[in-house]
Each structure stands twice: as structure tokens, then as C-alpha cells.
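Enquirer: Read top to bottom, the protein sequences are chains A and B.
Counting in the working numbering, the first sequence runs from 1 upward without gaps.
Counting in the working numbering, the second sequence runs from 1 upward without gaps.
These are calculated hints, taken from the structure and not from any lab test.
None of the values given here were measured: they were computed from a predicted structure.
Pairwise CB distance ranges, derived in the manner of DEER restraints:
#1 Ser28(B) - Ala56(A): 16 to 26 Å
#2 Met19(A) - Lys42(B): 21 to 31 Å
#3 Gly3(A) - Lys57(B): 23 to 33 Å
#4 Gly53(A) - Glu15(B): 45 to 55 Å
A few chain B residues facing chain A, derived, Cβ under 10 Å:
#5 Gly1
#6 Gln6
#7 Ser9
#8 Gln38
#9 Pro44
#10 Gln45
#11 Leu46
#12 Asp49
#13 Phe89
#14 Cys90
#15 Leu100
Lysine-lysine pairs mimicking DSSO-like chemistry, simulated, CA-CA at most 27 Å apart:
#16 Lys58(B) - Lys68(B)
#17 Lys22(B) - Lys111(B)
#18 Lys57(A) - Lys42(B)
#19 Lys58(B) - Lys107(B)
#20 Lys71(A) - Lys42(B)
#21 Lys58(B) - Lys111(B)
#22 Lys37(B) - Lys57(A)
#23 Lys42(B) - Lys14(A)
#24 Lys22(B) - Lys68(B)
#25 Lys22(B) - Lys58(B)
#26 Lys9(A) - Lys71(A)
#27 Lys70(A) - Lys9(A)
#28 Lys111(B) - Lys42(B)
#29 Lys107(B) - Lys9(A)
#30 Lys107(B) - Lys22(B)
#31 Lys57(A) - Lys9(A)
#32 Lys9(A) - Lys42(B)
#33 Lys57(B) - Lys107(B)
#34 Lys42(B) - Lys58(B)
#35 Lys37(B) - Lys111(B)
#36 Lys22(B) - Lys57(B)
#37 Lys70(A) - Lys42(B)
#38 Lys37(B) - Lys9(A)
#39 Lys37(B) - Lys107(B)
Cβ coordinates follow ideal geometry from the N, Cα and C atoms, glycine included.
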Amino acid sequence: NAGVTQTPKFRVLKTGQSMTLLCAQDMNHEYMYWYRQDPGMGLRLIHYSVGEGTTAKGEVPDGYNVSRLKKQNFLLGLESAAPSQTSVYFCASSLQGFLHFGAGTRLSVL
Amino acid sequence: GENVEQHPSTLSVQEGDSAVIKCTYSDSASNYFPWYKQELGKGPQLIIDIRSNVGEKKDQRIAVTLNKTAKHFSLHITETQPEDSAVYFCAASINSNYQLIWGAGTKLIIKP
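Please build the complete structure, drawing on both the sequences and the hints.
Expert: The structure is reproduced here in C-alpha cells:
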């Protein structure tokens, strides 16, 4: 039982490049979330999903897209990366509000 | 919308002493208040939570209190140990999807 697995762990992008962050959970949770964490700002919700095939916007969705084609996977896409998207990204899944987090992806956009 | 403020941003206590971290929230409809601990290089981990129908909850050395009238809640850690050193986040939620609004975090340092 691996919990929540995020890939990759680190990535450096140039401005304008695109990439996809993958999140996989093996706990059969319905809810999944993507957060970004910046110094002094806590965690901010980017997008979330309440079940397979559904997605919804969080607090800071601009510049990101997501997909939940399979219940266990939640993908976060950056179509055209900007330096403001330099951050640590966390995926989480939940059952009745108890969030299980992945180890994070550290992304730098130069 | 909901706003959660957390204080202090850094807290340094002697090993064995108690630590208290406080959070205030703005939306009186909030009904779920979890606390997460984040160790270096890891994702946050739930350590305790409280719902609005309860005033206090305790789990060994950790306790959380909730004052709905004043709209604030606090994390209390007694008999602190080196492994308590971490960043602690409070959060609040107002809807059934448990979309959490997070405080900015408190870095807790336990001095030997």
C-alpha cells in the first residue's frame, strides 16, 4: 500500500515549456486535490476532483489544467510554464476530509 | 471567502515545555478544523482534527481547543520532544467537499 505517489520529484522547466505532473493513489479515495505550497503562504488549492471524470477549480486555477480519467490518477498540466509557477506541488486524496498527501514535486521555472 | 490566520510564524521552545499555536478563521459557517504536521521534505500529515460540535479534543500529548464565539482554535503540545520539530498548519473547512483553507504555517523548533 503505497498511499499517494507523485512523479516526478523534481523538475526544471524553461518559460513556455509544458509538463504534466502525475498523482496516483491506491486507497480507492473518491476525492483528489492538487495544491501548491509557497513560502509563508501555506497551501493553496489549484484544482480538485470529487470522482472519476470530474474536476473543479480551486483558489488558484489559472495556468493549470487537470484530468481524472481513472479514479486512481489525477494529472496536473502546465501548458506554458511561467516563473510564477515555481513552487512545490502536492497531490492529496481524501476520505471524509482526512487528506493523505504525496511527498511533493519541486518545480522550478527559469 | 474564508480566511485563516495562524500565529506565530516561528515558535522556539525548550524540550519538555509546552507549545501553543493559534489560528483564527473568518467564516462562522466553518465546521471542520484539522491540524497537519509537515516534516522537512515530506507532505503534510494529519495529527488531530476537531469539528464544530466539540470544544476540545485530546490525543496523548496533543490537544486542540475550539472557541466558536471568538472564531479561533489552538493546538497544544505538551512535554515537547525533538521529533515535534516541524512546520504545523491549521486549516478550516465550510463545505461537504472538505475544501480546506490553510493557515500560513508555524515552524516549531524544539531546543535541547
